[in-house]
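S.K.: Hey, can you work out the whole structure from these sequences and the hints?
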Amino acid sequence: MKNAPSGDVSSVDVRGPRFAAWVTSAVLALALVLGSGWLVAAQAVVFAVGALAGLRYAPYGVFFRVVVAPRLGPVREREPEAPPRFAQLVGLLFAVVGAAGFLLGAPAVGAVATGLALVAALLNAATGFCLGCELYLIARRALPART
Amino acid sequence: MSGIGVVVLVAALAVTAVLAWWMRARNGAVPTVGEEVAAVPEALVRLGVRPEDADLTVVQFSTAFCGPCRATKARLQQLQATRPGLAVVHVDAESHLDEVRELDVRRTPTLFYVGRDGALLGRSSGAPRPDELAALVDAHVGDRSGGRS
Chain A
1 MKNAPSGDVS SVDVRGPRFA AWVTSAVLAL ALVLGSGWLV AAQAVVFAVG ALAGLRYAPY
61 GVFFRVVVAP RLGPVREREP EAPPRFAQLV GLLFAVVGAA GFLLGAPAVG AVATGLALVA
121 ALLNAATGFC LGCELYLIAR RALPART
Chain B
1 MSGIGVVVLV AALAVTAVLA WWMRARNGAV PTVGEEVAAV PEALVRLGVR PEDADLTVVQ
61 FSTAFCGPCR ATKARLQQLQ ATRPGLAVVH VDAESHLDEV RELDVRRTPT LFYVGRDGAL
121 LGRSSGAPRP DELAALVDAH VGDRSGGRS
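Chains as they are written, first to last, in our numbering: chain A, 1 to 147; chain B, 1 to 149.
In case anyone wonders, no lab produced these hints; they're calculated from the structure. From a predicted model like this one, the values you see are computed outputs, not experimental measurements. All C-beta atoms, glycine included, are put in the ideal place defined by N, C-alpha and C. Incorrect hints may appear among the rest.
Unchecked claim - Stretches of chain A that chain B covers, calculated by requiring three or more beta carbons in the stretch to come under 8 Å of a beta carbon on chain B:
(1) 28-34
(2) 80-90
(3) 111-125
(4) 131-140
As the list claims (entries may be wrong) - Derived DEER-like restraints, expressed as beta-carbon distance ranges:
(5) A:G73 / B:G3: 40 to 48 Å
(6) A:L30 / B:G118: 25 to 33 Å
(7) A:R71 / B:A74: 23 to 31 Å
(8) A:V33 / B:G118: 54 to 62 Å
(9) A:L103 / B:L13: 23 to 31 Å
(10) B:E36 / A:R71: 50 to 58 Å
(11) B:V7 / A:S10: 21 to 29 Å
(12) B:A17 / A:L72: 23 to 31 Å
M.R.: Pasting the structure below:
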């Protein structure tokens with residue numbers, strides 16, 4: 001995110017990522033019930049767009065902005081884009097493992113990875129807590145210090 | 001229908017409920033006044049904490065991918081505006097990983113509370129609860145408000 005073009009004021013309506021987390025939870029729950037690797041793969045693509053292109057292009061975010069937000073009233077609070085965008089990247093990793101597990105004949109691996117992504121998404125939707133963001137410092141701590 | 005999928009779904013819902021409950025019970029809990037104190041760790045001194053300069057020094061560890069850090073920073077600034085005895089030190093966790101490991105900071109924001117006498121009053125993780133934070137601050141700087149120059 002450090003190489004984001006200057007002038008890119010990366011902030012989003014706080015309600016957007018929460019809405020996206022609810023949709024993500026529903027998709028992942030459905031994927032688990034159906035045991036559908038393709039549905040997990042579709043969610044992985046959604047995560048990838050948000051993480052790599054930015055939240056303003058993330059499908060659920062676009063749907064929120066165009067369809068839902070106008071019915072909710074004006075934006076009351078904005079937040080920096082970096083934390084929820086990083087969380088999309090963490091979600092992507094789990095969704096890729098989940099989809100690969102289901103599609104390559106290891107449904108237990110697929111289900112557990114998908115389940116972990118579901119926990120993070122649902123916790124974020126229900127409480128606003130960003131589990132993916134919490135992993136950032138833990139991961140950085142485990143790596144040697146940058147010199 | 002996928003048998004294992006349904007099992008994992010139920011497990012995921014249970015895990016989420018437990019995590020949400022834990023969050024509500026623990027997240028952002030600020031040490032209460034009169035809690036056990038310890039000496040200020042040397043790592044905090046290295047980060048520029050000077051306890052004797054203020055009635056209460058709050059040290060906040062933040063990272064770039066931390067939503068609640070920004071709100072916590074603003075909250076501390078707001079408290080500082082009316083309480084001149086409160087000092088705040090902001091630490092970017094990523095650029096001080098040695099101290100982060102030494103102090104066992106696992107989450108951001110993590111806050112350390114240091115008294116004027118150099119005693120570590122405690123720490124909190126997650127956005128501190130506003131009422132508990134105000135209570136701790138007031139217990140240490142409240143009686144001097146306005147009287148300092």
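S.K.: Now tell me if each hint is right for this structure.
M.R.: Results for each hint:
1. 28-34: Our answer is that it holds, as 5 residues pass the Cβ test (under 8 Å) against chain B, meeting three.
2. 80-90: holds (count 6)
3. 111-125: holds (count 9)
4. 131-140: With 7 residues close enough to chain B, the hint holds.
5. A:G73 / B:G3: 40 to 48 Å: Between G73 of chain A and G3 of chain B, where Cβ atoms are some 44 Å apart, the hint holds.
6. A:L30 / B:G118: 25 to 33 Å: violated, 56 Å
7. A:R71 / B:A74: 23 to 31 Å: Holds: the Cβ-Cβ distance is about 29 Å, inside 23 to 31 Å.
8. A:V33 / B:G118: 54 to 62 Å: Given range 54 to 62 Å: holds, Cβ gap about 57 Å.
9. A:L103 / B:L13: 23 to 31 Å: holds, 24 Å
10. B:E36 / A:R71: 50 to 58 Å: holds, 51 Å
11. B:V7 / A:S10: 21 to 29 Å: Since the Cβ atoms of V7 of chain B and S10 of chain A sit about 39 Å apart, the hinted range of 21 to 29 Å is violated.
12. B:A17 / A:L72: 23 to 31 Å: This hint holds: roughly 27 Å between Cβ atoms.
Violated hints for the displayed structure, listed by number in ascending order: 6, 11.
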